[in-house]
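A.B. asks: What follows is each chain in one-letter form.
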Amino acid sequence: MDNTVKRLLERLVRRIPSRMLKTTLDKWSRLTATQRQSIDYTESKWALTEKLLAICEENELTVKHIAELEMIHVIENPNLGMWHAFQLMDPQDDAHSVELTQFKEQFKSHLSELIRHVSIKIKKHTDEAVWIRIAWGDTFSRPNHLKPTYVVHYLQTPYVFLSSLTSKQKPLLSQALVLSTRYQAIKDANLSGRKLTAIRDLLMKQYLQVFPTKFPSPLAERNRVVSNLHIEKEQAGSAANRHQMACEAFGDGLLPQLQSAVYKLETKFRDHTNKTMTERDEPFRCVVKFASTNLLESLRHSASSGVASTPVTPLLSSVPLKGKNYFVITDNGPGPSSQK
Amino acid sequence: MERPQNSVVRTPIDSIVAQRRSKNKSYRQSYRSCLGAASRLGHTPGWTARRLNTSRRTKSHNITEKVNPEDLALLVKTEWQLSYVTPLYQFRHTQLRSYSRQLSAFITAEKQQGLAVEVEGAQTSFRVSFSVVQGLGETDDDAETVLVQIHSKPVFAGKDEAQKLVWSGWLTCINGNPEYLHSLPKDFTCLPLFGSRGAENLTSLVKSWFQQTFDCCFGPLEINQTCLQWLAALWTNCHIESSIQHLKMIWTLPVEPPLQITYTVNPQDAWELWNSVRTPSLESREEEETARSIDIEEVTRFMQGLMSHFYRHFRLDLSAGRLSQVSSALGSAKFSGRVKMSNSRYVLTTLSLLTECALLKMPI
Chain A
1 MDNTVKRLLE RLVRRIPSRM LKTTLDKWSR LTATQRQSID YTESKWALTE
51 KLLAICEENE LTVKHIAELE MIHVIENPNL GMWHAFQLMD PQDDAHSVEL
101 TQFKEQFKSH LSELIRHVSI KIKKHTDEAV WIRIAWGDTF SRPNHLKPTY
151 VVHYLQTPYV FLSSLTSKQK PLLSQALVLS TRYQAIKDAN LSGRKLTAIR
201 DLLMKQYLQV FPTKFPSPLA ERNRVVSNLH IEKEQAGSAA NRHQMACEAF
251 GDGLLPQLQS AVYKLETKFR DHTNKTMTER DEPFRCVVKF ASTNLLESLR
301 HSASSGVAST PVTPLLSSVP LKGKNYFVIT DNGPGPSSQK
Chain B
341 MERPQNSVVR TPIDSIVAQR RSKNKSYRQS YRSCLGAASR LGHTPGWTAR
391 RLNTSRRTKS HNITEKVNPE DLALLVKTEW QLSYVTPLYQ FRHTQLRSYS
441 RQLSAFITAE KQQGLAVEVE GAQTSFRVSF SVVQGLGETD DDAETVLVQI
491 HSKPVFAGKD EAQKLVWSGW LTCINGNPEY LHSLPKDFTC LPLFGSRGAE
541 NLTSLVKSWF QQTFDCCFGP LEINQTCLQW LAALWTNCHI ESSIQHLKMI
591 WTLPVEPPLQ ITYTVNPQDA WELWNSVRTP SLESREEEET ARSIDIEEVT
641 RFMQGLMSHF YRHFRLDLSA GRLSQVSSAL GSAKFSGRVK MSNSRYVLTT
691 LSLLTECALL KMPI
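These protein sequence lines are chains A and B, in that order.
The numbering of the first sequence is the working numbering, which starts it at 1 and goes up by one.
The numbering of the second sequence is the working numbering, which starts it at 341 and goes up by one.
A hint or two may mislead.
[Unchecked claim] Estimated spans, in silico, between C-beta atoms of each pair:
no., chain 1, residue 1, chain 2, residue 2, range
1, A, S227, B, K504, 54 to 60 Å
2, B, Q452, A, R30, 51 to 57 Å
3, A, L80, B, H433, 54 to 60 Å
4, A, M20, B, P703, 51 to 57 Å
5, B, R678, A, D281, 50 to 56 Å
6, A, A33, B, K504, 42 to 48 Å
7, A, Q184, B, E596, 57 to 63 Å
8, A, K45, B, G559, 18 to 24 Å
9, B, T592, A, T126, 36 to 42 Å
10, B, L505, A, E50, 37 to 43 Å
11, A, V328, B, R678, 29 to 35 Å
12, A, L80, B, Q430, 35 to 41 Å
Calculated directly from the structure, the hints in this document are not laboratory data.
Don't be surprised by glycine CBs; every beta carbon is placed ideally from N, CA and C.
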């Protein structure tokens with residue numbers, strides 16, 4: 001049996017949690033009923049791997065079939081790995097009428113023209129997403145299935161999400177995507193994160209962006225032990241105010257789980273107490289990274305609790321508004337800093 | 341709280357004076373009472389009266405002249421977990437070999453759950469060595485730094501395989517407060533700063549042995565906000581001599597879920613900001629830039645400059661959170677008490693600061 005098949009299968013069995021192995025294998029439907037029944041899922045992963053290798057050899061499965069299995073797993077678990085969002089620019093006239101079969105054919109033919117040995121698998125998922133798995137080779141070697149790139153594209157939208165792409169592969173993939181979707185260019189959307197669902201929701205504004213018009217009092221909302229009634233009463237007005245502005249900036253309800261936001265600041269230092277630095281011509285260069293298990297929640301809470309002054313600065317509210325989490329800020333013009 | 345019977349210095353109300361258990365009868369001044377004037381100016385009771393020195397001299401030291409470079413190499417470029425230690429009773433720098441044997445036997449006994457082990461010559465699988473790092477102390481009052489290393493064979497090693505270093509630690513006192521050191525009774529050696537690296541179970545065994553043998557107490561040393569800010573300023577100050585490559589500060593904000601902010605500043609810009617907040621030098625021009633003393637006000641202004649630049653953009657007040665880590669090419673320090681010194685030239689400055697922190701944190 002091919003070494004690549006072995007390695008790929010071993011790695012896959014290691015990755016897939018035991019409780020999901022059965023369902024994934026059933027979806028794969030490359031095993032006969034008897035074979036599926038003969039697998040004991042309570043065995044150790046090592047024993048399972050051996051069993052599956054034997055079955056695959058029996059069925060004469062190739063690396064392409066194992067790649068299928070991997071794809072099923074990744075589609076079911078899109079929140080692993082690091083995803084980067086891209087946006088297609090300048091649609092041509094027929095961009096909006098590109099449908100699935102046309103896209104599939106075009107993409108496969110363009111990419112195969114650009115690079116000799118490449119293995120492409122395209123699958124349409126239920127939620128209008130087209131998933132593409134690409135194993136890259138080159139003029140001299142066969143496609144490497146151990147380091148595939150995954151691409152998710154929502155037809156009829158200009159958004160593409162990529163995972164595990166090297167800088168060498170990027171121009172080839174960009175070219176193929178642009179040609180097959182009938183756009184003219186593709187650019188980095190400056191949004192990345194671990195959870196595909198989160199960055200997709202953020203970019204395509206598919207989460208609940210409720211901007212409440214009527215507010216119950218904060219006391220009623222939160223189950224806090226009231227420390228001092230007088231303080232609560234006094235603060236009720238400003239607390240409600242902050243809460244409203246926080247929700248206006250970030251939305252109410254459940255927010256997509258973004259992990260980080262990075263700001264590269266190249267603005268001048270301005271502080272009236274420090275004359276020397278203010279008179280400097282060069283910008284004060286620094287990089288600020290915000291990180292949290294759910295960044296937008298944290299930011300919203302910091303606005304509503306007063307840690308961040310309200311109204312929320314456009315730098316922070318741009319994250320949900322523009323769907324970006326990488327910004328380069330420079331001084332442009334006389335006013336406060338603008339964004340690229 | 342007890343008052344000393346014959347105190348010459350009037351101690352502030354909130355100082356704690358403790359009596360040594362059974363070892364000797366005389367009372368001893370607490371470290372905090374030695375701070376004298378500084379704490380009397382304090383308006384608040386409670387621990388804010390006990391402060392770090394408000395100004396310190398910084399000087400990069402060509403330390404390789406004084407200290408064996410091999411010993412230095414053991415200290416730098418590793419991350420140490422810090423603790424404070426109360427003064428050691430009857431610790432003799434001349435008895436290090438005996439201590440090595442005793443500690444080795446102790447560890448082996450603990451590992452073997454109480455089987456009797458000979459102190460001399462037995463086939464112990466742990467080899468402990470105590471050594472002195474000569475020349476690290478700044479003043480004559482500083483006791484010499486002691487280095488402890490534990491070598492051991494890996495579990496399934498072959499017969500001839502050499503023992504590897506599995507744990508190391510050191511006790512040091514750099515620029516300890518002279519009043520305090522002089523107020524200690526004769527038999528006590530003050531080495532308040534303890535750093536360790538290696539398995540946690542070995543660390544606790546070493547600590548228990550020290551506690552049993554020298555009647556001392558260990559406790560975790562958290563590097564507080566002021567200390568971290570000092571380190572940020574001290575490292576930035578060294579940029580001219582050795583590039584810090586970046587000044588990175590990590591804050592944690594108390595929101596739900598907790599937000600971590602990493603603020604990395606370009607080293608040249610950080611240095612220019614630092615330079616702009618320095619009070620003009622009153623000393624002669626010949627004196628080296630880096631040998632001037634630094635005041636806490638300058639450090640505060642530096643941090644405020646950084647925080648206000650941040651606020652101008654994000655309208656987020658960093659002081660609402662907690663500074664939990666500072667790092668640069670010269671080293672890193674975390675609130676949890678982990679510190680790394682990457683450049684041997686600044687070891688003494690960093691250790692002086694940390695010695696002070698340890699002395700302040702000690703309960704007696």
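A.B. asks: If any of the earlier hints don't hold here, list their numbers in rising order.
C.D. replies: Hint check: 5, 6, 7, 8 and 12 fail, others pass.
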